[in-house]
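Participant: First to last, the protein sequences are chains Y and R.
Numbers 0 to 384, taken from numbering that gives the first Met the number 0, label the letters of the first sequence in order.
Numbers 0 to 261, taken from numbering that gives the first Met the number 0, label the letters of the second sequence in order.
Honestly, I wouldn't trust all of these hints.
Now the in silico label distances, taken between C-beta atoms and shown as ranges [what the hints assert, rightly or not]:
#	chain 1	residue 1	chain 2	residue 2	range
1	R	Asn101	Y	Lys369	41 to 47 Å
2	Y	Leu322	R	Glu149	51 to 57 Å
3	R	Glu217	Y	Asp126	52 to 58 Å
4	Y	Glu220	R	Pro255	50 to 56 Å
5	Y	Met207	R	Arg208	50 to 56 Å
Partner residues are not named here, just some residues of chain Y that face chain R (Cβ under 10 Å, in silico) [stated by the list, open to error]:
#	residue
6	Cys17
7	Gln20
8	Tyr25
9	Glu35
10	Ala42
11	Asn43
12	Ala48
13	Tyr50
14	Thr52
15	Ser61
16	Gly65
17	Ala69
18	Gly81
19	Ser113
By construction, these hints were calculated from the structure, which means they are not laboratory data.
We put the beta carbon where it would ideally sit given N, CA and C, even for glycine.
The primary structure of each chain is shown beneath.
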Amino acid sequence: MMQFMEGSLAVADAVRLCRPQVISAYPITPQTHIVEALADMVANCTLDAEYITVESEFSALSACIGASAAGSRVYSATTSQGLALMFEVCFNVAGMRLPIVMTIVNRALSAPLSIWNDQQDSISLRDSGWMQLYAEDNQEATDLHYLAYRVAEDHEILLPAMVCFDGFILSHTYEPVETLSQDQVDAYLPAFRPYQRLDAADPISFGMFASPDYYMEFRYEIDRALERAKERIARAGKEFGKQFGRDYSALVEGYQLEDAETAFVAMGSLCGTVKDAIDEMRAQGKKVGLLKIRCYRPFPGPDIAKALAGVKRVAVLDKNISLGSKGAVGLEVKDALYGSGIAVYDYIVGLGGRDLKKSDIAAIAALAEKGQGDQFYGLRQEVLR
Amino acid sequence: MTFRDWYRVDRLPTIYCAGCGNGTVINCALHAVDAMAWKQEETVFVSGIGCSSRAPGYIATDSLHTTHGRALAFATGVKLARPDLHVVIFTGDGDLAAIGGNHFIHACRRNVDMTVICMNNWIYGMTGGQGSPTTPVGALSTTTPYGSAEGVFDISELAVAAGANHVARWTSYHVKELTRAIQTGLETPGFSLIEALVQCPTGYGRRNRLREVSDMIEFLKTHAMLLSRYRKMVAEGKPVPADIFTVGEFVRRNRPAMGVPP
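Start from the sequences, fold in the hints, and give me the full structure.
Facilitator: In structure tokens:
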């Protein structure tokens with residue numbers, strides 16, 4: 000059914016249909032509408048789950064670990080400082096191989112305090128062992144939750160997943176979203192079948208000490224599982240397309256790339272703006288295209304190399320900065336294209352909610368054509384003096 | 000100097016909602032600070048995250064606006080590095096008693112020489128009215144749509160139990176008493192907590208049958224019971240109404256304290 004919905008409420012509705020048994024979250028702007036809606040559903044018995052009002056994000060994800068280890072399907076949502084506070088717990092979740100799904104409503108990190116959008120928060124957790132999926136619009140944001148649970152709980156994968164969508168730009172924006180019925184979701188996402196769980200009759204321990212003789216192998220196994228996840232995400236995405244008409248089998252998605260000379264690479268809501276800008280530039284005869292990265296972890300390097308094989312230059316739009324180096328996506332795209340001879344230019348854009356317009360996209364294309372890149376774009380002039 | 004000189008006038012008006020009690024508490028605090036005759040360059044305000052924590056932004060001294068719940072940890076660092084500075088913290092129930100609960104009890108335990116002013120509005124105000132550790136049982140919030148079922152923290156009693164040198168609770172209605180209590184806190188060596196119950200018509204009142212600003216202030220006025228009276232009633236075995244809260248000075252003592260200038 001097509002409905003005109005706020006992004007947060009569309010995501011909350013999708014989470015409800017995933018039948019989480021335990022939800023544990025702490026309020027933080029701009030995530031609040033999601034968890035308020037879920038608290039309401041639990042209180043109104045439209046969602047049969049425990050909702051835990053914890054005292055911090057650290058407690059929120061810790062409670063999720065307990066609930067997941069006990070054998071429940073678990074959900075949380077956070078952003079920015081909340082995710083930063085969860086840093087320690089995030090590594091534990093992946094290390095214990097618990098298939099928790101968490102929505103990240105992307106927001107900038109302090110200091111200075113900002114409640115506005117960029118992707119620094121989830122990017123900073125890229126090394127934690129979680130899968131990371133980035134949504135371009137609210138339809139994709141809802142759909143990726145079904146997909147995330149399905150892949151995360153796959154016994155060949157058993158890793159947590161972050162579904163990332165841009166704070167305010169998507170979370171607080173109303174868009175038409177096709178919502179699914181419970182029967183449809185049940186047909187796509189089977190009931191949670193834990194691979195292992197806490198059971199007094201058959202005791203196991205999660206998160207025990209590993210000596211130097213064994214620790215590395217645990218990390219290796221997580222890395223291998225993430226590698227396997229590429230194929231599982233593709234398969235689950237294809238299955239989703241078969242059942243609901245929206246195919247998510249591609250980890251990266253091209254737009255007007257076939258004959259493009261300059262290709263943008265972007266993640267999240269920015270992709271919509273870039274596509275519009277591309278249409279305008281194409282009308283003026285400029286051969287530009289976009290490669291949208293939907294799945295950032297695991298990083299689909301070979302897919303990116305294949306998709307960009309025919310372009311002359313690449314302009315990566317990074318809504319994050321690995322301070323002291325470059326944008327995180329730009330660095331990995333450079334790695335993916337290493338040896339190809341294709342020039343890759345990185346642009347740090349949109350930090351802390353700085354708007355990026357279609358005219359900016361055109362200006363960045365011009366910079367890339369001149370061979371100017373690896374820079375912040377759109378800074379206030381006074382800092383450049 | 001007057002309390003007005005402590006304001007960054009160019010930052011006014013505040014971002015607070017119409018009818019919010021936080022401005023009253025800031026006014027009381029600045030009256031008390033002004034009465035101490037401290038210099039602005041020797042005074043530091045520290046805060047965490049939340050409506051209360053916007054306060055230092057309106058005050059004309061150096062300040063640290065830190066992360067959610069951590070104000071006391073940051074303030075401890077300031078005070079121990081520079082015992083000569085006066086350190087005052089603005090915080091709220093969510094900041095102090097929820098996410099910062101651990102720092103709170105340990106700052107009381109260490110009895111670090113600082114004054115904490117906690118604006119308790121029974122709710123997470125800035126994020127839109129979610130239930131906090133002081134949301135009364137049965138009260139409505141955006142995460143407890145049919146009433147909070149969890150027990151509450153008594154912030155002042157917690158500070159007494161954890162070892163603070165001076166603890167008092169008043170409300171945004173009791174401006175004279177609140178100002179005097181804050182001044183006592185500023186004068187007392189060691190950790191001082193002043194809990195100020197404040198009206199939050201936007202996040203709390205309108206969901207809890209206290210729709211008008213005056214309704215909430217009236218509630219604060221009529222439901223506050225002097226601690227001395229409360230203790231007398233308990234001692235005499237008289238029934239105490241369940242919906243009152245106590246106000247007054249909970250403790251003033253002289254435990255060994257950290258960060259007291261020699």
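Participant: Compare the structure with each hint and give your call.
Facilitator: Checked hints:
1. Asn101(R) x Lys369(Y): 41 to 47 Å: violated, 54 Å
2. Leu322(Y) x Glu149(R): 51 to 57 Å: For Glu149(R) against Leu322(Y), whose Cβ atoms are near 40 Å apart, the range 51 to 57 Å is violated.
3. Glu217(R) x Asp126(Y): 52 to 58 Å: Hint holds: Cβ distance 55 Å, inside 52 to 58 Å.
4. Glu220(Y) x Pro255(R): 50 to 56 Å: holds, 52 Å
5. Met207(Y) x Arg208(R): 50 to 56 Å: holds, 52 Å
6. Cys17: violated, 20 Å
7. Gln20: Where the cut-off is 10 Å and the nearest Cβ of chain R is about 18 Å from Gln20(Y), the hint is violated.
8. Tyr25: holds, 7 Å
9. Glu35: Since the shortest Cβ distance to chain R is 4 Å, the answer is holds.
10. Ala42: Holds - the Cβ of Ala42(Y) comes within 10 Å of chain R, reaching about 5 Å at its closest.
11. Asn43: At about 8 Å, which falls below the 10 Å cut-off, the nearest Cβ of chain R leaves the hint on Asn43(Y) intact, so it holds.
12. Ala48: violated, 13 Å
13. Tyr50: holds, 8 Å
14. Thr52: holds, 5 Å
15. Ser61: Not OK, violated: Ser61(Y) not within 10 Å of chain R, min 13 Å.
16. Gly65: violated, 18 Å
17. Ala69: Check failed: Cβ of Ala69(Y) comes no nearer than 21 Å to chain R, outside 10 Å.
18. Gly81: holds, 8 Å
19. Ser113: violated, 12 Å
The structure fails to meet hints 1, 2, 6, 7, 12, 15, 16, 17 and 19 from the earlier list, while all remaining hints are met.
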